[in-house]
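Chemist: Respectively, the protein sequence lines represent chains A and B. 76 is the number that the UniProt record's numbering gives to position 76 of the first sequence; each next residue is one higher, with no gaps. 149 is the number that the UniProt record's numbering gives to position 149 of the second sequence; each next residue is one higher, with no gaps.
Keep in mind the hints are simulated off the structure, nothing from the lab. There could be a bad hint or two in this list.
Stated by the list, open to error - Think about it this way: if two alpha-carbon atoms lie no more than 25 Å apart in a straight line, the pair counts; the simulated BS3-like pairs of lysine-lysine are: (1) 283(A) / 263(A); (2) 263(A) / 291(A); (3) 159(A) / 375(B); (4) 159(A) / 144(A); (5) 110(A) / 97(A); (6) 338(B) / 283(A).
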Amino acid sequence: MITIDKAPVPAPRDAGSAGGPLLEVRDLHVEFATRDGVAKAVNGVNYTVSAGETLAVLGESGSGKSVTAQAIMGILDMPPGRIPKGEILFHGQDMLKMGAEERRQIRGRKIAMIFQDALSSLNPVLSVGYQLGEMFRVHLGLSKKEAKARSIELMDRVKIPAAAARVNDYPHQFSGGMRQRIMIAMALALEPDLIIADEPTTALDVTVQAQVMDLLAELQREYNMGLILITHDLGVVADVADKIAVMYAGRIVETAPVHELYKRPAHPYTRGLLDSIPRLDQKGQELYAIKGLPPNLLRIPTGCAFNPRCPKAQDVCRTDVPPLLQVTEQDGTELPGRGSACHFWKETLHG
Amino acid sequence: MAEPRKDEAVDATPNTTAVETVGPVDEGAAVAAIEAPVDRGEPILQVRNLVKHFPLTLGILFKRQVGAVKAVDGISFDLYQGETLGIVGESGCGKSTVAKLLMMLETATSGEIFYKGQDITKLSGRALKAVRRNIQMVFQDPYTSLNPRMTVGDIIGEPYEIHPEVAPRGDRRKKVQELLEVVGLNPEYIHRYPHQFSGGQRQRIGIARGLALNPEIIICDEPVSALDVSVQAQVVNLMERLQDEFNLSYVFIAHDLSIVRHISDRVGVMYLGKMAEIGSDTQIYDHPTHPYTQALLSAVPVPDPEAREGRERIILTGDVPSPANPPSGCRFRTRCWKAEDKCATEVPLLAVPERFRGVDTPAAHESACHFAEEKDVVHAG
């Protein structure tokens with residue numbers, strides 16, 4: 001009926017078993033042609049994910065976190081979208097250079113995606129069993145009967161009670177948490193190497209959110225999958241991620257292992273975000289608010305995109321785009337996995 | 001609805017103070033009572049046994065009622081002048097229905113809402129209009145709660161059409177510009193349309209509209225949940241500043257427990273149309289005694305990886321039962337790890353648990369549980 005568990009910390013897993021990362025995104029650019037000009041949604045994103053690792057991509061709406069995921073998945077609307085530059089290496093092969101059929105073989109089978117809104121991602125006029133079975137029928141060529149049996153197995157795996165009885169039910173007959181489990185089941189169907197979860201729990205209540213995140217972490221451990229978790233919720237990230245990439249205006253502004261980021265942010269934007277969320281375990285005075293608004297992607301500020309909102313901005317910030325620099329301790333020892341795209345990361349980190 | 005419920009009766013709640021009703025009076029006296037000021041810390045809004053059942057019907061021509069969705073099923077609370085009362089709960093627990101009932105946008109099935117001693121569910125005419133002026137609302141979604149065909153000036157100025165006594169026609173434009181300035185927008189934006197603003201700015205417009213008639217109470221239904229994190233803080237700070245400036249009382253409804261703690265003086269936790277626990281923010285967050293509150297608090301992800309390692313997490317199984325057919329006895333018993341036979345037969349009253357009665361401890365606040373017990377789930381232990 002209930003589980004009370006102390007410290008359910010997902011232990012840091014081995015970084016890659018067969019050598020080399022599972023997925024590597026290199027200098028990815030994505031832009032959209034709109035009536036008012038070209039919107040630069042992603043401007044040079046780099047990240048890697050290894051098997052068994054959880055990368056959290058954190059950002060506000062319009063930061064390009066979902067667009068990056070769609071580019072990896074190959075479900076970007078093109079046109080109006082366009083990828084002018086960049087590489088997406090999956091097992092060392094550049095997916096952007098592959099043909100449509102080759103990518104289709106990867107999509108769903110090797111890389112799967114979990115969407116935010118389960119109700120609008122599922123087809124309302126088909127039973128969930130049919131939609132789950134589609135994975136087996138299309139990719140593996142199983143018969144209808146076999147596919148249904150496998151669907152029931154999957155629903156059991158994601159802990160949907162009375163799976164055999166509910167396989168012919170329609171999406172509206174399930175609660176929000178159960179629907180999200182079906183989305184997870186669908187993504188897991190072919191045991192992919194990598195799962196991209198785009199705000200998987202944003203639409204759910206906290207008690208259900210905890211159930212779903214636990215399930216996802218458990219299945220990930222079981223199958224040793226790579227997981228890219230896209231979210232805007234700093235709390236969810238702290239609970240499940242191994243490493244974090246913070247995005248702002250289409251760029252990664254900071255990367256760090258999860259503990260480091262919360263303890264000592266090295267970018268003023270990350271610091272601002274951390275200071276602006278109210279805490280459950282302490283009652284503060286006035287909240288720190290990052291002034292201004294996220295930038296318009298049609299007119300990204302010159303230099304550092306964050307400079308109009310940054311309390312530390314100097315002249316150099318308005319002219320030079322800061323690259324993602326390696327962050328070091330005060331004595332010069334490198335902090336592994338940490339980077340900050342700020343001219344004044346030293347002051348932010350140590351000051 | 002399997003067993004007859006033992007008490008449909010009143011919750012014995014010391015949290016709520018006795019209502020000083022202003023007997024049946026004529027309209028003029030009622031309006032006068034509504035216009036009279038209330039001292040800080042005195043109850044301004046008193047809700048007693050509020051019930052809202054939505055009927056479930058069968059058939060097209062001859063509709064017969066086959067049941068009811070018990071969205072709100074007997075809740076009582078007080079709102080004091082100048083304070084913020086937070087109401088939290090999962091989706092479907094009835095918190096938005098409470099907001100609509102307080103606004104008189106829905107008629108209550110039974111129960112009373114006293115505003116300065118007047119039962120507003122029984123008012124009509126001039127007196128009701130005066131109440132409506134004094135209780136305003138800020139909605140959740142800043143994208144759908146503003147008419148896209150009206151300019152910002154018209155949106156904020158529209159309340160004056162209905163209550164012209166607040167601002168004479170010639171003054172309105174100036175008033176609207178003042179309001180824009182108060183909420184931190186450029187007064188020159190008066191001729192712009194909602195689509196020209198970002199989400200956070202739109203929510204400011206919604207707040208300005210709520211302030212237009214100088215209300216005493218603002219009901220905020222999830223006012224920041226549609227906004228980005230960095231913008232949320234701006235709007236929350238604005239709301240706190242306005243509360244001091246205009247001496248407002250807020251009912252702040254949200255599902256985000258962290259924000260509710262930040263802004264609220266007192267917090268009520270709702271579950272399936274009932275109040276599970278109510279008390280000051282420290283009492284609820286640091287000394288919760290109801291198992292549901294404990295589970296809810298422990299499930300909130302804390303943005304601190306260090307803290308998560310020492311925290312105990314209570315993961316509830318299953319979903320919230322349907323409000324059309326709530327469990328007998330305690331409504332939480334189907335998901336509760338403490339449930340015993342007693343919970344299935346007796347409805348626990350919202351009252352200070354016996355073991356804490358008369359003891360000077362923060363755990364001594366109202367909690368509707370037979371086996372209330374203090375447990376700190378927020379801080380790493």
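Chemist: Go through the numbered hints given earlier and state which of them the structure violates, listing their numbers in rising order.
Modeler: Going through the list in order, the structure violates hints 3 and 6 and respects the others.
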